[in-house]
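Just so you know, the sequences run in chain order U and C. Residue numbers are given in my numbering: position 11 of the first sequence equals residue 11, and the series is strictly consecutive. Residue numbers are given in my numbering: position 37 of the second sequence equals residue 1037, and the series is strictly consecutive.
To be clear, the hints were calculated from the coordinates, so they are not data collected in a lab. Check each hint, because a few of them may be wrong.
[What the hints assert, rightly or not] Going by beta-carbon spacing under 10 Å, a handful of chain U positions derived as facing chain C:
#1 2
#2 7
#3 13
#4 14
#5 38
#6 43
#7 82
#8 86
#9 88
#10 92
#11 94
#12 101
#13 111
[Stated by the list, open to error] No farther apart than 30 Å at their CA atoms in a straight line, the calculated lysine-lysine pairs in the DSSO-like style are these:
#14 U/49 to U/99
#15 C/1080 to U/99
#16 U/99 to U/69
#17 U/69 to U/58
#18 U/99 to C/1079
#19 U/69 to U/49
[Stated by the list, open to error] Cβ pair distances, simulated, as ranges:
#20 U/39 to C/1069: 29 to 35 Å
#21 U/56 to C/1002: 24 to 30 Å
#22 U/79 to C/1065: 36 to 42 Å
#23 C/1065 to U/3: 24 to 30 Å
#24 U/26 to C/1052: 43 to 49 Å
#25 C/1015 to U/40: 22 to 28 Å
#26 C/1069 to U/40: 31 to 37 Å
#27 C/1011 to U/54: 42 to 48 Å
#28 C/1008 to U/64: 46 to 52 Å
Note that CB positions come from ideal geometry on N, CA and C, so glycine has one too.
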Amino acid sequence: AQSVTQLDSQVPVFEEAPVELRCNYSSSVSVYLFWYVQYPNQGLQLLLKYLSGSTLVKGINGFEAEFNKSQTSFHLRKPSVHISDTAEYFCAVSDSASKIIFGSGTRLSIRP
Amino acid sequence: SQTIHQWPATLVQPVGSPLSLECTVEGTSNPNLYWYRQAAGRGLQLLFYSVGIGQISSEVPQNLSASRPQDRQFILSSKKLLLSDSGFYLCAWSVMREPSYEQYFGPGTRLTVT
Chain U
1 AQSVTQLDSQ
11 VPVFEEAPVE
21 LRCNYSSSVS
31 VYLFWYVQYP
41 NQGLQLLLKY
51 LSGSTLVKGI
61 NGFEAEFNKS
71 QTSFHLRKPS
81 VHISDTAEYF
91 CAVSDSASKI
101 IFGSGTRLSI
111 RP
Chain C
1001 SQTIHQWPAT
1011 LVQPVGSPLS
1021 LECTVEGTSN
1031 PNLYWYRQAA
1041 GRGLQLLFYS
1051 VGIGQISSEV
1061 PQNLSASRPQ
1071 DRQFILSSKK
1081 LLLSDSGFYL
1091 CAWSVMREPS
1101 YEQYFGPGTR
1111 LTVT
């Protein structure tokens, strides 16, 4: 069975500092990996996805993530955050069985 | 392009009252459809998903039910609401022919049961 673990429930960082949001997954088959962002009182929006190919994936809003098969990780990074990046971020995994399993979310708060 | 609608956007209902939340998708055919609930400070809980008209899979036993009367319409219902049904309800769709089953989310419905 698949599972997703987001290691940090909250991550506070200062504006213009770098950030890494951690995600580990478990699956017995090949997987597709996603990061979604949720701004307050809104639905989820896809940031980026890994399907195959290059392990470094670039997404919207300057975010990127690296797929590491040996460590079963898919950490999300941004070199310099802005106040507008304040949101909740969800890591997710799919094995093409028509469902996606979401992590519990990481709340990113940006301090000026 | 594809769009997904949910209504109402917010809802306040007393305990014991019925519930009907609606989700419709435009611009695609035969999508997979999903209902999630997000309780305050918690992650996403998959409630129901549907791969076709009249086909509903329930993920957790609870006070809610779902129906898909049309290809692009998904309805979440309850006969009698509980306080624990409060939360943010999200509808999502995915394209069956896409192997990754990437999901696209609606704007959500904020339900408060009083």
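Exercise. Of the hints stated earlier, which fail here?
Worked result: 1, 2, 3, 4, 7, 8, 13, 22, 24, 28
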